[in-house]
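Enquirer: Chains A and B, in that order, give the protein sequences. In terms of the UniProt record's numbering, the first sequence is residues 1 to 73. In terms of the UniProt record's numbering, the second sequence is residues 1 to 313.
Calculated directly from the structure, the hints in this document are not laboratory data. Do not rely on the hints blindly, as some may be mistaken.
Some, not all, of what chain B presents toward chain A, calculated at C-beta under 7 Å [to be verified]:
1. Ala67
2. Phe68
3. Asp153
4. Pro155
5. Gly161
6. Tyr226
Simulated DEER-style distance windows between Cβ atoms [claimed, not checked]:
7. B:Asp223 / A:Gln4: 18 to 24 Å
8. A:Gln4 / B:Lys156: 34 to 40 Å
9. B:Ser57 / A:Asn26: 53 to 59 Å
10. A:Gln4 / B:Gly71: 56 to 62 Å
Okay, derived cross-link-like pairs now, BS3-like style, lysine-lysine, Cα gap no bigger than 27 Å in a straight line [as the list claims (entries may be wrong)]:
11. B:Lys167 / A:Lys53
12. B:Lys45 / B:Lys61
13. B:Lys156 / B:Lys61
14. A:Lys53 / B:Lys136
15. A:Lys41 / B:Lys123
16. B:Lys101 / A:Lys53
17. B:Lys167 / A:Lys41
18. A:Lys70 / A:Lys53
19. A:Lys41 / B:Lys156
20. B:Lys185 / A:Lys53
21. B:Lys200 / A:Lys53
22. B:Lys200 / B:Lys123
23. B:Lys126 / A:Lys53
24. B:Lys61 / A:Lys29
25. A:Lys41 / B:Lys61
26. A:Lys70 / B:Lys185
27. A:Lys53 / B:Lys54
28. A:Lys67 / B:Lys185
29. A:Lys41 / B:Lys131
30. A:Lys67 / B:Lys42
31. B:Lys167 / B:Lys136
32. B:Lys156 / A:Lys53
Even glycine gets a Cβ: it sits at the ideal position worked out from N, Cα and C.
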Amino acid sequence: MAGQFWRAAGLTYLQYSSMCASHLRNALKEPFRATANNREKFESSVTEYVNGKESSTLTLDTALLQKQLKLTK
Amino acid sequence: MNTTVKASSKLFVGLTNQNQVRGMATLKDLKVRLGTVQTISKLTKTLHMVASSKLRSAEKKAEELGAFNVGPSKLLSEIKSNEALDQLEQGTTFAEDRSNKQLVIAITTDTGMCGPVNHQVVKACKALLSKDTEDKMIASTTGLKGTAPLATDYPKKLLFGGRDFGKQDYSFPETLLFLNEIIAKIPNFDNAVIVYNKFKNALSYSVDALFIPGFNLMEQHRDKFYTYQTTEDRAATMKDLSEFYLASAFWASLYQNRASEMAGRMVSMDNASKNGESISQGLSLQYNRARQAMITSELIEITSGAAAIEDSN
């Protein structure tokens, strides 16, 4: 089957579907595209804990998403 | 140091024994306390109103989104435990290496003041983690209120804690990124459990746990899916389905929890403002009495003083 090349490239299904969704949003026509992109704005952070202590923090935002998108191009 | 202790003890003495300690300090203390209680009541009232207005939209969203998770959960509801994997003999080869790890994802909020919402989830998570003697479980939380209690009790089992997660509203790419962080650490989890508050109505919600089978577990139950048609590569479909259900269940339970949070906040803030009102009523009564007593005693002093002057004349 043809659809599984992304897994061979090391993507998870979650990344794959996130990318598909982003591309779909970008393919919308203008008034809808802006609202769709506004709806998907976010900024949060996720902290990794090692032995109950904070060890590293990663910021989840649109920039990170864009970075992931560019990796595939 | 000494003065502060004195001042605070005066406040309490003043409140309990009105007749013994009188004067400006007690009166002032009472007034300050009354002001504080009134300010807090105003705050809780505002929070109550905000929560009740947010509840309506959260409830609507939870209801609308719930429908999207009905299909996948029906499909996978037959797989409820890890038994099929644990019963296998040692040395069995799996479709992918078995990690022996189980994900526990607790959905908690960043801010408190919403009744037992977070407490219930943390309690359920701790119950899950306490049963796990072989260090198989790995917990993550979406909000700040879950990280501290889990980090103190099970420091080795806590993996990720979110912050500001879904601050405005949950966004789908955000949840995917969050889950992806977890999955990147444990790509071949045996199963995942999402613990959240299931919303019933504005006054009741209860903790619920969703069981998401991992890829290996699904492969063991392959025969259950033969009634469904898939592409040739059944294994790949199973892997996708496992991750898809993880995301879909997570997304639906986030909104269920948000609605429960708003309902919990509405009820608890309503109670808090009622309590605040009764306290401020009691305090203002005390304040007025103390004031009256002070005025009376001053009047007596003045009249007796005047009488003394008259007598000497």
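Enquirer: Now tell me if each hint is right for this structure.
Expert: So, going through the hints one by one against the coordinates:
1. Ala67: Violated - the Cβ of alanine 67 of chain B stays beyond 7 Å from chain A, reaching only about 19 Å at its closest.
2. Phe68: violated (14 Å)
3. Asp153: violated (9 Å)
4. Pro155: holds (3 Å)
5. Gly161: holds (5 Å)
6. Tyr226: violated (18 Å)
7. B:Asp223 / A:Gln4: 18 to 24 Å: The hint (18 to 24 Å, Cβ to Cβ) holds, given that aspartate 223 of chain B and glutamine 4 of chain A are roughly 23 Å apart.
8. A:Gln4 / B:Lys156: 34 to 40 Å: Once the Cβ atoms are compared, 36 Å apart, the range 34 to 40 Å for lysine 156 of chain B and glutamine 4 of chain A holds.
9. B:Ser57 / A:Asn26: 53 to 59 Å: violated (27 Å)
10. A:Gln4 / B:Gly71: 56 to 62 Å: Given range 56 to 62 Å: violated, Cβ gap about 23 Å.
11. B:Lys167 / A:Lys53: holds (24 Å)
12. B:Lys45 / B:Lys61: holds (25 Å)
13. B:Lys156 / B:Lys61: violated (36 Å)
14. A:Lys53 / B:Lys136: Holds, at roughly 20 Å.
15. A:Lys41 / B:Lys123: Violated, at about 32 Å.
16. B:Lys101 / A:Lys53: holds (21 Å)
17. B:Lys167 / A:Lys41: Given that 27 Å is the threshold and the Cα spacing comes to 11 Å, the pair holds.
18. A:Lys70 / A:Lys53: violated (33 Å)
19. A:Lys41 / B:Lys156: Outside the cut-off at roughly 33 Å; violated.
20. B:Lys185 / A:Lys53: holds (17 Å)
21. B:Lys200 / A:Lys53: violated (36 Å)
22. B:Lys200 / B:Lys123: holds (20 Å)
23. B:Lys126 / A:Lys53: At roughly 18 Å apart (the allowed maximum being 27 Å), lysine 53 of chain A and lysine 126 of chain B satisfy the hint.
24. B:Lys61 / A:Lys29: holds (26 Å)
25. A:Lys41 / B:Lys61: holds (18 Å)
26. A:Lys70 / B:Lys185: holds (22 Å)
27. A:Lys53 / B:Lys54: violated (34 Å)
28. A:Lys67 / B:Lys185: Roughly 19 Å between the alpha carbons, so the hint for lysine 67 of chain A and lysine 185 of chain B holds.
29. A:Lys41 / B:Lys131: Violated - the C-alpha atoms of lysine 131 of chain B and lysine 41 of chain A are around 39 Å apart, more than 27 Å.
30. A:Lys67 / B:Lys42: violated (45 Å)
31. B:Lys167 / B:Lys136: Violated, because 31 Å separates the two Cα atoms, which is more than 27 Å.
32. B:Lys156 / A:Lys53: holds (9 Å)
Comparing the model with each earlier hint shows violations of hints 1, 2, 3, 6, 9, 10, 13, 15, 18, 19, 21, 27, 29, 30 and 31; every other hint is respected.
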